[in-house]
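Visitor: The lines below spell out each chain.
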Amino acid sequence: MKPWKAALLLMFLSLTPLLVKAQATAGVGEQEVFRPHLQHEVQYGNLFGNDGQEVQNGVSLQYIGTYRINPYLAIGAGLGAQTYRFNSGYSYFPFWAVFKGYIPAAGRVRPFGQIALGYGLALNRKEEDLLLVDARGGFNANSAVGIEIPVHEELGLLISLGYQYQAAESTYDIANWWLTDSKEIQQLRFRRIHLQLGVKF
Amino acid sequence: MKNFPTFYYLIGLLSLSLALPSCVQDSCEATVVYQGFEPVYAKPENFRLPIEYQPPRHLENPGKIYVYQDILLINEREEGVHIINNSNPSSPVPIGFVEIPGNVDMAVRGNMLYADNYVDLVAIDLTNPESPVFAGRTEDAIPHQGYDEELGYLIRYDQIPVTEEVPCDQYAGVSFRRGGTIFIDVAAGGGAFDLSNESSGQAQDVGVGGSMARFTLAQDHLYVVDEYNLHVFGLAAPKQPEKLTTVNVGWGIETLFPYGDKLFIGANNGMYIFDNSVPTAPVQLSLFQHATACDPVFVDGNTAYVTLRDGQECETFTNQLDVVDITSLTNPVLIKSFEMHNPHGLSKLNNALYICENEQGVKIFDATNPETIGSNQIGKMTGFQAYDIITLQGDLAIVIGEDGLYQYDISDPAAPRRLSNLLSL
Numbered sequence: 039m040k041p042w043k044a045a046l047l048l049m050f051l052s053l054t055p056l057l058v059k060a061q062a063t064a065g066v067g068e069q070e071v072f073r074p075h076l077q078h079e080v081q082y083g084n085l086f087g088n089d090g091q092e093v094q095n096g097v098s099l100q101y102i103g104t105y106r107i108n109p110y111l112a113i114g115a116g117l118g119a120q121t122y123r124f125n126s127g128y129s130y131f132p133f134w135a136v137f138k139g140y141i142p143a144a145g146r147v148r149p150f151g152q153i154a155l156g157y158g159l160a161l162n163r164k165e166e167d168l169l170l171v172d173a174r175g176g177f178n179a180n181s182a183v184g185i186e187i188p189v190h191e192e193l194g195l196l197i198s199l200g201y202q203y204q205a206a207e208s209t210y211d212i213a214n215w216w217l218t219d220s221k222e223i224q225q226l227r228f229r230r231i232h233l234q235l236g237v238k239f
Numbered sequence: 038m039k040n041f042p043t044f045y046y047l048i049g050l051l052s053l054s055l056a057l058p059s060c061v062q063d064s065c066e067a068t069v070v071y072q073g074f075e076p077v078y079a080k081p082e083n084f085r086l087p088i089e090y091q092p093p094r095h096l097e098n099p100g101k102i103y104v105y106q107d108i109l110l111i112n113e114r115e116e117g118v119h120i121i122n123n124s125n126p127s128s129p130v131p132i133g134f135v136e137i138p139g140n141v142d143m144a145v146r147g148n149m150l151y152a153d154n155y156v157d158l159v160a161i162d163l164t165n166p167e168s169p170v171f172a173g174r175t176e177d178a179i180p181h182q183g184y185d186e187e188l189g190y191l192i193r194y195d196q197i198p199v200t201e202e203v204p205c206d207q208y209a210g211v212s213f214r215r216g217g218t219i220f221i222d223v224a225a226g227g228g229a230f231d232l233s234n235e236s237s238g239q240a241q242d243v244g245v246g247g248s249m250a251r252f253t254l255a256q257d258h259l260y261v262v263d264e265y266n267l268h269v270f271g272l273a274a275p276k277q278p279e280k281l282t283t284v285n286v287g288w289g290i291e292t293l294f295p296y297g298d299k300l301f302i303g304a305n306n307g308m309y310i311f312d313n314s315v316p317t318a319p320v321q322l323s324l325f326q327h328a329t330a331c332d333p334v335f336v337d338g339n340t341a342y343v344t345l346r347d348g349q350e351c352e353t354f355t356n357q358l359d360v361v362d363i364t365s366l367t368n369p370v371l372i373k374s375f376e377m378h379n380p381h382g383l384s385k386l387n388n389a390l391y392i393c394e395n396e397q398g399v400k401i402f403d404a405t406n407p408e409t410i411g412s413n414q415i416g417k418m419t420g421f422q423a424y425d426i427i428t429l430q431g432d433l434a435i436v437i438g439e440d441g442l443y444q445y446d447i448s449d450p451a452a453p454r455r456l457s458n459l460l461s462l
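As you go down the protein sequences, you meet chains A and B in turn.
The opening position of the first sequence corresponds to residue 39 in our numbering, with each subsequent residue numbered one higher.
The opening position of the second sequence corresponds to residue 38 in our numbering, with each subsequent residue numbered one higher.
Calculated from the structure, these hints are not laboratory results.
Heads up, a few of these hints could be off.
Stated by the list, open to error - A few chain B residues that don't get close to chain A, going by computed Cβ distances all over 12 Å:
| hint | residue |
| --- | --- |
| 1 | Val130 |
| 2 | Asn387 |
| 3 | Leu433 |
| 4 | Arg455 |
What the hints assert, rightly or not - To give an idea of the interface, some chain B residues facing chain A are shown, with a C-beta separation under 8 Å as derived from the structure:
| hint | residue |
| --- | --- |
| 5 | Val61 |
| 6 | Asp63 |
| 7 | Cys65 |
| 8 | Glu66 |
| 9 | Ala67 |
| 10 | Thr68 |
| 11 | Tyr71 |
| 12 | Gln72 |
| 13 | Phe84 |
Claimed, not checked - FRET-style restraints, in silico, Cβ to Cβ:
| hint | chain 1 | residue 1 | chain 2 | residue 2 | range |
| --- | --- | --- | --- | --- | --- |
| 14 | B | Thr68 | A | Ala135 | 27 to 35 Å |
| 15 | B | Ser128 | A | Gln225 | 53 to 61 Å |
| 16 | A | Glu165 | B | Gln430 | 13 to 21 Å |
| 17 | B | Ser448 | A | Glu207 | 52 to 60 Å |
| 18 | B | Gln196 | A | Asn95 | 37 to 45 Å |
Backbone N, C-alpha and C fix where the C-beta goes; we use that ideal spot for every residue, glycine too.
Could you put together the complete structure from these sequences and hints?
Guide: Okay, here's the thing in structure tokens:
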């Protein structure tokens with residue numbers, strides 16, 4: 039099994055029993071005050087990894103809108119922008135279906151786990167300087183655990199640590215003596231640690 | 038609260054998975070798709086055979102054209118020569134096919150057809166066009182690129198599409214990209230010349246070729262150009278031409294056009310003018326330089342017409358017509374350049390200049406004023422791909438291209454009238 043698949047599966051399996059357990063043991067009083075509602079999150083993040091030769095640090099910006107079904111689960115969708123290397127041609131517009139699970143905690147800080155599955159569109163389709171003639175996106179997924187720190191009413195701060203995966207394809211022209219039509223097609227798999235900070239409202 | 042440690046367990050679990058190097062390292066699988074050049078060899082025992090005459094066959098991949106009296110010769114690239122009875126241009130009649138492996142060029146003098154047979158020059162007697170007779174062979178007359186004891190003569194390189202799995206950023210071809218930089222392996226460069234690339238010469242008992250020719254007859258001698266040289270053959274023994282001398286010209290030599298006792302040689306970097314008054318010792322008079330391009334030449338009076346075109350083998354992006362004043366043969370002067378689509382062969386009759394414009398057919402220009410030719414298009418021939426053209430007194434234009442042979446009545450250049458066509462398969 040691929041490492042990213044193993045990581046996702048691990049996360050999912052880890053979250054599921056936790057949520058079930060959390061539901062079963064949550065206090066009755068907490069359920070009584072809960073009202074289903076929409077919630078919005080905007081997060082900025084750093085993507086840490088390497089391309090096999092050097093360390094690569096990218097950035098991300100994303101919005102996620104979820105509907106909090108119950109105290110333990112929210113589902114929704116999100117979109118964002120991510121760059122995996124600071125060369126043109128490696129930036130993507132992902133959009134996902136999002137699942138968030140909340141862990142009951144006695145204090146004000148609320149732990150959560152999150153899985154997002156979707157597709158990342160290539161941002162730069164052509165870049166003459168790099169001889170990039172076509173770029174395509176691919177499967178995009180991330181999983182994360184984090185905490186939500188309430189600030190005021192619905193406003194909260196978010197900190198999360200996760201794993202980010204993006205599949206992509208880039209096609210480059212190759213210059214040669216005879217000006218023949220030569221291309222290099224790269225099938226890319228980006229894997230990153232994703233550290234995010236954001237606000238919930 | 039008692040579940041809260043599970044959160045830390047999760048973070049630990051995630052951190053552990055992320056700590057595995059492969060989990061945070063990109064993977065990349067690259068496929069390179071490029072045009073490779075595969076050497077093609079010909080064994081002497083496979084082509085040094087008596088030339089065979091066959092019944093007429095369809096045009097499949099027509100190349101150059103040549104007119105000799107009422108006979109029209111059409112090269113079938115690398116395969117031989119179609120013989121057409123063209124006494125009635127409205128109804129040309131194919132009468133046979135001369136199978137000459139490796140043939141791309143030809144010229145006729147005194148009923149003797151001279152054609153390349155890979156590296157050899159063969160002579161075929163056309164006294165009776167309906168029954169040509171193999172007359173002789175001059176071995177190793179045409180320069181080749183190498184000889185291998187087992188494989189034979191290296192005669193050309195064919196382009197083939199190649200797909201290779203390669204490590205990302207480590208393409209081992211003549212160029213590769215790493216970290217956004219393009220590297221070109223200058224040591225990997227290679228040369229390949231193809232006599233099929235590009236043919237007009239006239240005298241009493243010789244025929245007329247197109248402007249894309251590499252063979253021509255002048256001053257009772259046969260002249261052949263290869264990528265770098267001009268070769269002179271004596272025809273004292275018509276059945277077996279003898280190579281008399283070779284003159285180094287330059288690089289990227291493509292076409293040869295005789296005019297009086299001068300030879301005009303089209304090359305990638307310009308038009309060479311040679312004095313040919315001593316046929317066995319052509320002397321370069323000048324070089325009219327232009328942008329790197331493929332460039333057939335046509336000469337009429339004191340004016341030379343040079344078409345420059347782009348394309349893979351031409352190594353450029355230039356498409357234009359250069360009109361050159363050659364009043365002083367030692368100092369040709371550009372009169373004016375005109376932008377074109379993708380000009381190939383050309384010809385001129387009276388005051389009309391005919392230019393093959395690839396898939397756009399043939400464009401016809403009023404050449405009365407050299408300064409305004411390009412902006413004075415007066416007619417066109419369309420609906421086919423045009424490679425080369427021959428115009429003949431009698432107001433006949435013969436055009437060849439991928440789609441076949443087309444003949445036009447050009448008594449009114451502004452309204453050419455199609456007489457006939459022989460279509461390719």
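Visitor: Next, verify each hint and record whether it holds.
Guide: Hint check:
1. Val130: 41 Å, holds
2. Asn387: Check passes; 38 Å lies beyond 12 Å.
3. Leu433: The claim stands: Leu433(B) keeps its Cβ more than 12 Å from every Cβ of chain A (closest is about 37 Å).
4. Arg455: At roughly 35 Å from the nearest Cβ of chain A, Arg455(B) sits farther out than 12 Å, so the non-interface label holds.
5. Val61: Where the cut-off is 8 Å and the nearest Cβ of chain A is about 4 Å from Val61(B), the hint holds.
6. Asp63: Cβ of Asp63(B) sits 5 Å from chain A, so the hint holds.
7. Cys65: Cys65(B) check passes; min Cβ-Cβ to chain A is 5 Å, inside 8 Å.
8. Glu66: 4 Å, holds
9. Ala67: Since the shortest Cβ distance to chain A is 5 Å, the answer is holds.
10. Thr68: 5 Å, holds
11. Tyr71: OK, holds: Tyr71(B) within 8 Å of chain A, min 4 Å.
12. Gln72: 4 Å, holds
13. Phe84: Violated - the Cβ of Phe84(B) stays beyond 8 Å from chain A, reaching only about 27 Å at its closest.
14. Thr68(B) - Ala135(A): 27 to 35 Å: 31 Å, holds
15. Ser128(B) - Gln225(A): 53 to 61 Å: Because 59 Å falls inside the window, the suggested range holds.
16. Glu165(A) - Gln430(B): 13 to 21 Å: 57 Å, violated
17. Ser448(B) - Glu207(A): 52 to 60 Å: Since the Cβ atoms of Ser448(B) and Glu207(A) sit about 59 Å apart, the hinted range of 52 to 60 Å holds.
18. Gln196(B) - Asn95(A): 37 to 45 Å: The hinted range 37 to 45 Å holds for Gln196(B) and Asn95(A), with Cβ atoms some 43 Å apart.
Consistency with the previously given hints fails for numbers 13 and 16, ordered from lowest to highest.
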